[in-house]
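So for the sequence shown, UniProt numbering puts the first residue at 1; every next one is plus one.
Just so you know, these hints were derived from the structure itself, not from any lab.
Values in this document were obtained by computation on a predicted structure and should not be read as measured data.
Hints are not guaranteed to be accurate.
[Stated by the list, open to error] No farther apart than 20 angstroms at their CA atoms in a straight line, the calculated lysine-lysine pairs in the PhoX-like style are these:
hint: 1; residue 1: Lys110; residue 2: Lys30
hint: 2; residue 1: Lys75; residue 2: Lys46
hint: 3; residue 1: Lys58; residue 2: Lys34
hint: 4; residue 1: Lys34; residue 2: Lys75
hint: 5; residue 1: Lys58; residue 2: Lys46
hint: 6; residue 1: Lys75; residue 2: Lys30
hint: 7; residue 1: Lys30; residue 2: Lys58
hint: 8; residue 1: Lys34; residue 2: Lys46
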Amino acid sequence: MGVITWQEFENVDLRAGTITSVDDFPQARKPAYKIRADFGPDLGTKQTSAQVTANYSKEDLLGRQIIAVVNFPAKQIGPFMSEFLLVGFYREDGSVVLAVPERGVPNGAKLA
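Working from the sequences, and respecting the hints, build out all of it.
Printed below as a string of structure tokens:
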């Protein structure tokens with residue numbers, strides 16, 4: 001990885017949100033969920049697909065606060081339009097563990 005400038009980092013809009021719905025995504029090539037999250041009054045509700053089925057059930061995710069990149073352009077994933085990137089860490093087995101706020105913060109809070 002190359003070194004980035006502080007200004008380049010500031011261009012990545014990382015926000016906290018709360019997952020409001022989780023649905024199966026049977027059309028996905030790899031096991032995934034369709035996830036909707038509330039990012040507060042300024043950004044509203046957005047949707048994404050996420051390959052987090054190995055470590056999380058739908059019940060585990062519902063109501064959980066997450067961190068997401070919200071300023072990527074929307075991306076078509078099969079029949080589904082993804083509007084944000086849910087962030088997490090890869091484990092040795094390739095599964096993803098979510099990056100989450102350590103304590104509750106307002107939906108839409110920007111990562112500092």
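Each hint tested on the structure:
no., hint, result
1, Lys110 / Lys30, "30 angstroms, violated"
2, Lys75 / Lys46, "12 angstroms, holds"
3, Lys58 / Lys34, "10 angstroms, holds"
4, Lys34 / Lys75, "13 angstroms, holds"
5, Lys58 / Lys46, "17 angstroms, holds"
6, Lys75 / Lys30, "17 angstroms, holds"
7, Lys30 / Lys58, "16 angstroms, holds"
8, Lys34 / Lys46, "11 angstroms, holds"
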